[in-house]
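Trainee: Sequence:
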Amino acid sequence: MAENNDKENGYPSTPDVSENYDGFNTVNREENFDNLHNIINHTSLENESTSVPGKKEKKSSTGKDILEMLIYFAVVIVSVLLIHQFVGQQIEVSGSSMESTLHNEDHLILEKISYEIGAPKRFDIVVFRPYSYEKETYYIKRVIGMPGETVQIIGSDIFINGEKIDENYGNNPIADGGAAKEPITLGGDEYFLLGDNRNNSKDSRDTSIGAVKREAIIGRAWIRIWPFKDFGVLEHQ
0 MAENNDKENG YPSTPDVSEN YDGFNTVNRE ENFDNLHNII NHTSLENEST SVPGKKEKKS
60 STGKDILEML IYFAVVIVSV LLIHQFVGQQ IEVSGSSMES TLHNEDHLIL EKISYEIGAP
120 KRFDIVVFRP YSYEKETYYI KRVIGMPGET VQIIGSDIFI NGEKIDENYG NNPIADGGAA
180 KEPITLGGDE YFLLGDNRNN SKDSRDTSIG AVKREAIIGR AWIRIWPFKD FGVLEHQ
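0 is the number of the first residue of the sequence shown in numbering that gives the first Met the number 0; add one for each residue after it.
Any given hint could be a false lead.
[As the list claims (entries may be wrong)] The list that follows gives simulated cross-link-like pairs (lysine to aspartate or glutamate, DMTMM-like), each with its CA atoms no further than 25 Å apart: (1) K201 <-> E166; (2) K228 <-> E104; (3) K212 <-> E234; (4) K163 <-> E110; (5) K212 <-> E110; (6) K111 <-> E234; (7) K201 <-> E148; (8) K111 <-> E98; (9) K120 <-> E110; (10) K201 <-> E214; (11) K120 <-> E181; (12) K228 <-> E110; (13) K228 <-> E98; (14) K120 <-> E98; (15) K180 <-> D156; (16) K120 <-> E234; (17) K180 <-> D165; (18) K120 <-> D156; (19) K212 <-> E166; (20) K120 <-> E148; (21) K201 <-> E234; (22) K201 <-> D165; (23) K120 <-> D229; (24) K163 <-> D175; (25) K212 <-> E135; (26) K111 <-> E214; (27) K212 <-> E115; (28) K212 <-> E162; (29) K201 <-> E104; (30) K201 <-> E91; (31) K120 <-> E214; (32) K201 <-> E181; (33) K212 <-> E67; (34) K180 <-> E166; (35) K180 <-> E110; (36) K111 <-> E135; (37) K180 <-> E148; (38) K120 <-> E166; (39) K111 <-> D188.
To be clear, the hints were calculated from the coordinates, so they are not data collected in a lab.
Make the full structure from the sequences, and use the hints.
Mentor: Listed below in structure tokens is the structure:
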């Protein structure tokens, strides 16, 4: 503002107009006109110079606001990407291979962070990407066999390392053991996965899927958010 203290702003002190005017009668007329002219010019220049910082401050403030806005949007975008990459994402179930646990068009939140710091557990419902399919093809199945174990399906029963496992996730008794009719020994980073709808699921029994490597598993089904009547955390164990 033009009323800023001159000494504080670094400008020379404005001469007191009344003091110069009192001397108007004691000095020759020409000198007093010169003094008055200098006073007017000095005051005019000061008024002009005091208006400049205000304009610069306004421009500087506008630039700062734009910079803060850009930083804000950058933080939001990075946060969303990090959440999507490491925490979770929304997925939609397609098909009936996980019935009666999950249904076609169920909407789930896929949780990833557990597998960033740990490993899948038996009976976890996981989402994975088969190596034999396109990159954006994802399957959702249940973990049955763990790394290093030997899996075999005899009749409708599942055996792990020669012992029958007690599980009742299957929608119906297994009609076809597929490749698991013969013992399948999993590697140190492989999992044997089955759909809960055992007679309508393409899973590790199918040679086009087979044992699924750890790196192909991208997350664990965590919460069902739709349909709303079924909203809740999914039970895995």
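Trainee: The structure should be examined with respect to each hint, and the outcome stated for every one.
Mentor: Results for each hint:
For the hint linking K201 to E166, the alpha-carbon distance of about 19 Å falls within 25 Å, and the restraint holds. Taking the CA atoms of K228 and E104, the gap is about 14 Å. The hint holds against a cut of 25 Å. Proposed proximity of K212 and E234 is supported: the alpha carbons are some 23 Å apart, at most 25 Å. Taken as a hint, the K163 and E110 pair is broken in the structure, with Cα atoms around 30 Å apart against an allowance of 25 Å.
Taking the CA atoms of K212 and E110, the gap is near 18 Å; set against the 25 Å cutoff, the hint holds. Taken as a hint, the K111 and E234 pair is honoured in the structure, with Cα atoms around 16 Å apart against an allowance of 25 Å. This hinted pair checks out: K201 and E148 have alpha carbons roughly 21 Å apart, not beyond 25 Å. For the hint linking K111 to E98, the alpha-carbon distance of about 23 Å falls within 25 Å, and the restraint holds.
With a CA separation close to 14 Å, the supplied pair K120 and E110 stays within the 25 Å bound. Between K201 and E214 the CA atoms are separated by roughly 20 Å; this keeps the pair inside 25 Å, and the hint holds. Using a Cα cut-off of 25 Å, the hinted pair K120 and E181 holds, with the two alpha carbons roughly 24 Å apart. At most 25 Å may separate the alpha-carbon atoms for a hinted pair to count; K228 and E110 meet this at roughly 21 Å.
Restraint check for K228 and E98: satisfied, since their Cα atoms lie roughly 17 Å apart, inside the 25 Å limit. About 20 Å separates the Cα atoms of K120 and E98, which keeps this hinted pair within 25 Å; it holds. With a C-alpha separation of about 10 Å, the suggested pair K180 and D156 falls inside the 25 Å cut-off, and the hint holds. For the hint pairing K120 with E234, the CA-to-CA distance comes to about 13 Å; that is within 25 Å, so the pair holds.
For the proposed pair K180 and D165, the alpha carbon gap of about 18 Å is at most 25 Å, so the pair holds. With a C-alpha separation of about 20 Å, the suggested pair K120 and D156 falls inside the 25 Å cut-off, and the hint holds. Note on K212 and E166: the hinted pairing holds, with a Cα-Cα distance of about 23 Å set against a maximum of 25 Å. Of the pairs offered as hints, the one joining K120 and E148 holds, with about 13 Å between alpha carbons and a cut-off of 25 Å not exceeded.
Annotation: proposed proximity of K201 to E234 holds, straight-line Cα distance about 22 Å (limit 25 Å). Between the alpha carbons of K201 and D165 the distance comes to roughly 22 Å, so the proposed pair stays at or under 25 Å and holds. For the hint linking K120 to D229, the alpha-carbon distance of about 24 Å falls within 25 Å, and the restraint holds. As the CA atoms of K163 and D175 are separated by approximately 17 Å, the hinted pair is consistent with the 25 Å bound.
This hinted pair checks out: K212 and E135 have alpha carbons roughly 17 Å apart, not beyond 25 Å. With a CA separation close to 12 Å, the supplied pair K111 and E214 stays within the 25 Å bound. For the hint pairing K212 with E115, the CA-to-CA distance comes to about 15 Å; that is within 25 Å, so the pair holds. Under the criterion of a C-alpha separation no larger than 25 Å, the hint pairing K212 with E162 is consistent with the structure, at around 23 Å.
With a C-alpha separation of about 18 Å, the suggested pairing of K201 with E104 holds against the 25 Å cut-off. Between K201 and E91, the direct Cα distance comes to roughly 18 Å. Compliance with the 25 Å bound is thereby established for this hinted pair. For the given pair, K120 sits about 15 Å from E214 by alpha-carbon distance, which is consistent with the 25 Å threshold. Proximity of K201 to E181 is assessed by CA-CA distance (about 17 Å); at most 25 Å being required, the pair is judged to hold.
Simply put, K212 and E67 have alpha-carbon atoms about 45 Å apart, too far for the 25 Å limit, and the pair is violated. Proximity of K180 to E166 is assessed by CA-CA distance (about 18 Å); at most 25 Å being required, the pair is judged to hold. Between K180 and E110 the alpha-carbon distance is near 33 Å, which puts this suggested pair outside the 25 Å criterion. Our distance criterion of 25 Å between C-alpha atoms is met by K111 and E135, whose separation comes to about 17 Å.
Taking the CA atoms of K180 and E148, the gap is near 15 Å; set against the 25 Å cutoff, the hint holds. Restraint check for K120 and E166: satisfied, since their Cα atoms lie roughly 14 Å apart, inside the 25 Å limit. For a cut-off of 25 Å, the pair hint linking K111 to D188 stands: about 18 Å separates their Cα positions.
Violated hints, listed in ascending order, are 4, 33, 35; each of the other numbered hints is respected by the structure.
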